[in-house]
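Engineer: Those protein sequences? They're chains S and G, same order as listed.
In this text, residue positions in the first sequence follow my numbering: the first is 685, and each later residue adds one.
In this text, residue positions in the second sequence follow my numbering: the first is 685, and each later residue adds one.
Don't take every hint at face value.
Pairs involving identical chains hold if they fit within one copy or between any two copies, as the list cannot separate such chains.
Stated by the list, open to error - Here are the simulated SDA-like pairs of lysine to any residue, each with C-alpha atoms no more than 25 Å apart in a straight line:
no., residue 1, residue 2
1, K975, P771
2, K1082, T1062
3, K1080, N998
4, K923, R767
5, K975, N895
Hint data in this document are derived by calculation from the structure and do not stem from the laboratory.
Number of protein chains: 2
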Amino acid sequence: MKEKCNCLVAQSGGPTAAINASLAGVIKRATESKKFDTIYGSINGIQGVLQQKIISLNETFSNNMEAIETLKTSPAMYLGSCRYKLPPIEINPMQYDFIFETFRRMNIHAFFYIGGNDSMDTVDKLSKYAKLINYDISIIGIPKTIDNDLCETDHTPGFGSAAKYVATTMLEIAHDTYIYDIKSVTIVEIMGRNAGWLTAASALARNSYSNSPHLIYLPERAFSTYNFINDVNKLLEHKKNVIVAVSEGIKDESGKYLSATNSIADEFGHAQLSGTGKYLEHLIKNTIGCKVRSIELNVLQRSAMHISSLTDINESFSLGEYAVEAAEQGLSACMLTITRTSNDPYTIKIDTTPIDKVANAEKSVPLEWINTAGNDVTPEIIDYMRPLIEGEPTIKYKNGIPDYLSIKHLLEPK
Amino acid sequence: MKEKCNCLVAQSGGPTAAINASLAGVIKRATESKKFDTIYGSINGIQGVLQQKIISLNETFSNNMEAIETLKTSPAMYLGSCRYKLPPIEINPMQYDFIFETFRRMNIHAFFYIGGNDSMDTVDKLSKYAKLINYDISIIGIPKTIDNDLCETDHTPGFGSAAKYVATTMLEIAHDTYIYDIKSVTIVEIMGRNAGWLTAASALARNSYSNSPHLIYLPERAFSTYNFINDVNKLLEHKKNVIVAVSEGIKDESGKYLSATNSIADEFGHAQLSGTGKYLEHLIKNTIGCKVRSIELNVLQRSAMHISSLTDINESFSLGEYAVEAAEQGLSACMLTITRTSNDPYTIKIDTTPIDKVANAEKSVPLEWINTAGNDVTPEIIDYMRPLIEGEPTIKYKNGIPDYLSIKHLLEPK
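Next comes chain S alone, as it looks inside the complex (with noise of 0.2 Å):
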């Protein structure tokens, strides 16, 4: 690496409560770091290289620990985000020349992208071009994904937020549930198309007096409509109140999406697609016949930073400052990592592990961590998700609402 350079830091793929601790990690490294004199930043992902829409970071955040400090707790994204993938290099060498052209005219020798798997095809890509093209730049990967699905990590940074939150929110909806003297089945949605992790997480809302999810579905097992509605008479013959997860991804023997089975017309004469618990509502509606209810967590799963982990906003700043000392001891083309080193007491080490073994894999939860009747999850991964969820954050609020980092920059772009 040059001997005093400039960095670029982005964000990339769905928002999570912990994304920009990874980068106020980065930032406050770097700005300590002797190798670097400007943070730069670019907009809405690797886009914001392409459309030339790159700010410096060091005005709003050097020798300013408030502001750091602030962004650590601020919900989505600073910098914005994209849903782009770069073109294979042999199709499209065009935008990469366009890339390195920027970072050769910006003296940029490290490329920190925070992402999820799409990120880390980024990360790939542009580490290969660069060893083509003999250009010195580090290139790092910082993992984040509430879908926990990302290879070679023992977690996700970003996961533990939303697995609160998951949590939380399934322990107050069995509140709310439990109060009516008559029977009822209430059906919660959670985010995942093809990994359950997060559904398994709502899980962790079972305590001394409740023991709600009663029944839990992931993606990773084939769903019955027939076995569900079983399940549900069942524990309706000695329960009043029936509260179910279901992941959003949940498939029929087929492979069939079962959201994708609900294709309705509205009052238009198109079909329309509703979620998956819409669908299983209608289904005990039309068959059970009694009270029922389904709620879609939606958006605030990645982006409720009010009641965020701890340990992950932790984790996620530490992940970023590590990249920025990976980087100075001239690391390229790989991905941070999060090993435990000991479940109790709660333990990690941070590493990295070469870029192509994790980009455009993803991981499902171990078939084994889900019990026989595929309704419900074993208390090994309780075990494994409990350390991520510990710990509160302190919110600033003010005029009541909480006093989060300013994206005005994300309004009015430059």
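Place chain G on chain S using the hints.
Structural biologist: Chain G only, in chain S's frame:
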């Protein structure tokens, strides 16, 4: 009132984050009172008296400030709820006979009923019957409802916490929305069938960098889909992301609920009511055609204790204490009210009002607090709501989730 007697407390209607705080206030003050021996709680509102599901609260709470404090910050209803309206006295006096026979047998001479509109109807009817049979009892209504639609009181306990949840969530949805560099419309459906108070509270999410929600529609004004599409289109001319807050209860010019016009057939051929948000989502998709999503905040609005308002919790607790004092003074057939004595600094005074002035009456948002175009609220209502969401109670956590008071007795009814 008899020299030494017992009292009864119950909860009714939909949950709020603050309704247990009023119960905690009643219990604390009643255990200190020289008038009352046993504090009874009726499970599932007035139905618990009819079904003889009455428990003593002294065991759990006497000399146990910790339990009282935990109850104060536990969501939903410790004593369970009902949706039950007593029949007119002249039509079915048998239920009244049974209730007062129970009161006499258990030496109950004060009854505190914490609830909304229907609960105040029960307070009204029981008060009238007590007078009719000349039974010496104080029957006091303690208001609560997230809807803020009770007359004779500045605001209702429970509204402030729901408003804080709505405002915080709207801000987090805004952060989630602004990250992508593509045109989008986000529609957030908020509770309130007839009164728009809670939807108006979404305006509290506005801060120095975000003026989301950009459009607000309340049920107090007829909703025009034509104007709605025009409103959205106009904003999309100079805004990337448009965020809309809409009450579930908006109606068209003929007074028909918008959600009712979205009657769609499911795969069984049955007509299904879909929500207002979903309806508007389809409308935008089929007219403007940009990226659009709808989010239904659902029951979390009334159950999310973890983001409740300290002002609301403290006021609700004070109302509970005041109710016992009112009973000691021999008051009856009344509901407690809150009078705002100053807005800045915010101060209130608790008082009572005759129950027949509030029972079965609804308070809507004044039309002068809605802008001329019918797509936003005025600064006056924001000034009115702001103090109600101030402050954050301390929530205890255990194993990463809130450590609420056990409601085992609701799960295994005695």
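Engineer: For this structure, which hints from the list above don't hold up?
Structural biologist: Result: no hint breaks.
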